[in-house]
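Chemist: Protein chains in written order, with this note's numbering: chain R, 1 to 274; chain V, 1001 to 1341.
I should point out that these hints are in silico values taken from the structure, not numbers from a laboratory. In this text, all values refer to a predicted model and were calculated from it rather than measured experimentally. Each hint can be trusted.
Calculated cross-link-like contacts (lysine-lysine; reagent style DSSO-like; alpha-carbon spacing at most 27 Å):
1) V:Lys1026 / R:Lys167
2) V:Lys1041 / V:Lys1016
3) R:Lys18 / V:Lys1234
4) R:Lys167 / V:Lys1270
5) R:Lys18 / R:Lys141
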Amino acid sequence: MSRAEEELRSIAGRLLEKKEVELVVGYEHHGRSVRPCFVSKPEEANRLVWNADCWFNLARYLRSLRDRRVGIVAKGCDGKTIVELLKENQLDRGSIVVIAVECNGVFKPFKYGLNRAERRLADYCRRCVTRVSPIADYVVKSDGQASQRENSVADGDASDWLSLFRKCLKCMACVKACPLCYCTECSIEGFKPDLVHRLRVPQELFTFHLTRALHMAGRCVECGACESACPVEIPLTRLYHELNEWFKENYGYAPGRSVNEAPPPLVFKEGWKG
Amino acid sequence: MERLSRVLFLSEDGFKIFLEQLVSSKNVIAPVETDGCFEFKTIKRAGEASLNYSNTRLPPKRFFLPQREVVFKHDPKKGTLHEPLGGFEMVLLGVRPCDASALSILDSILLKPPNPDPFYESRRRSITVVSLSCAKPGEECFCNVFEAGPVRGSGEDITLTRITGGLLVEVRSSRGQALVDVFKNLFEKAGAEHLEEYGELSSRLTREMNSRIGIARERLVRLEETLDEGFFQKEAQRCVECSLCSFTCPVCYCFDTEDYLEKNIYMRAKGWDTCASPLFTRMASGLDPRASRVEMFCHRFCHKLSRIPLAFNSYGCVGCGRCVSLCPAGVDIREVLKRWG
Chain R
1 MSRAEEELRS IAGRLLEKKE VELVVGYEHH GRSVRPCFVS KPEEANRLVW NADCWFNLAR
61 YLRSLRDRRV GIVAKGCDGK TIVELLKENQ LDRGSIVVIA VECNGVFKPF KYGLNRAERR
121 LADYCRRCVT RVSPIADYVV KSDGQASQRE NSVADGDASD WLSLFRKCLK CMACVKACPL
181 CYCTECSIEG FKPDLVHRLR VPQELFTFHL TRALHMAGRC VECGACESAC PVEIPLTRLY
241 HELNEWFKEN YGYAPGRSVN EAPPPLVFKE GWKG
Chain V
1001 MERLSRVLFL SEDGFKIFLE QLVSSKNVIA PVETDGCFEF KTIKRAGEAS LNYSNTRLPP
1061 KRFFLPQREV VFKHDPKKGT LHEPLGGFEM VLLGVRPCDA SALSILDSIL LKPPNPDPFY
1121 ESRRRSITVV SLSCAKPGEE CFCNVFEAGP VRGSGEDITL TRITGGLLVE VRSSRGQALV
1181 DVFKNLFEKA GAEHLEEYGE LSSRLTREMN SRIGIARERL VRLEETLDEG FFQKEAQRCV
1241 ECSLCSFTCP VCYCFDTEDY LEKNIYMRAK GWDTCASPLF TRMASGLDPR ASRVEMFCHR
1301 FCHKLSRIPL AFNSYGCVGC GRCVSLCPAG VDIREVLKRW G
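Build the full structure now, drawing on both the sequences and the hints.
Modeler: Take a look at the structure:
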């Protein structure tokens, strides 16, 4: 057990013992990887783990736990997600306790069909420079080495989006794993408006992904949950990254930096330059 | 089918020639490696097939149940109705025993008289399934639990098993026999030493499996009555309703239909649907018989482990481990089996 893990467990245990929170959302061991877990008893806090397999964005669960006081183990991107959800009035800051863990990037997840998964930093982590959540009540310093990062687009060619989208199964895992995709009536899934067929029609996959990309533009915190959940490995985060870059260039705005920073579409005025 | 079982031997060189001749004379679909991940693709050259895989990311289900297919076209002007029955002759090579066993489960469900699915039936008839036994069980595999592998499945036409110096070929159906007959001169009669090695391999692989779960049918089929709400409540909390489990399952067969108009022709399509989607049970009136997450979540397990066995006499799971490995939230059917098995 690492020192960071030990500290994480003691903070979670303390919060539960003092009844400051009813529940701590974190990660636990599962098979050769980890999975999200919900700890509600102080003695169970030693189930919590923190390592480079913790790719899932736990902020995904916060909206469904809105009526309870929740502690959450947050990486940099989980924290940025909480910031975005707060901006969009989806959460109450008073009922969340953020245990920020310093993140050195996560590995590409183990997935079916690879006998020995290469332990390589995920592409989106190689672009990311946020190591600690921008919003935090407790900060757990990491004892690992800071990993090699570059603020650039990772290797591999993703310019041929059409052929990448053609692989899509339209299983909606990208939508459902995304903590910021929370519309109760999804415009892609629902019947009103009828943008795409409910069944998978190959010609419509472009519409599906571009609709989603436009909904994520300037909101996506690039946590990579969509990409890691995708069964056919479409590098979706790269698409959203490009849109975010455009936002940054034109409005000087990046999602997840601060709760006080309003999203450009909300405060847009004619002739406004960021 | 069993009475046709016949065991042959194919030398390593013979297998190469078999592959080359097969590819040049028939449509062959085999696992192809792209970015370290395997998927079934049509191959034009024998060298394209990569047969050192653990398993393909997606099951070969889509060749029998396409993700979307048109079931009829109606032209109101001409007054014609056309039902395009799919399926053309091909050989599906390198299916793992678990996925092949999934086909026999689908057979018992979709081909059950009096109303067999004609679309599935025509594809099943025209595709010859050649399975390849596993050489090493994967991390999340638990096919031994349902006796669906790792060496021999139940829905294939030919079972290939790698042994010293070549492959042991087991002909499992008349369709398989027809294929073997085409390449008659390549096969030799299997000797006693081959069969002995096969037996050893089979028991060694089963021993090497990670999962040791004993299941009892009488307990599992009563899963629905004995639902431990606490357990499922806890597990359902984790689920993000992403439906990856059913989209990557070799057995899940639930479908949705959709009517639409295209260039003045009415069409009806059917395609994969999933019980993980809230839209699966929501009716036009807004009523939803499985509205809560827990009910939706339990449904998948109850269907696979209790309702399918009761109605069709085989479990709805083959233990391929895809849902366990791909679930972003770490929902694990093995835990349900351990508890109620």
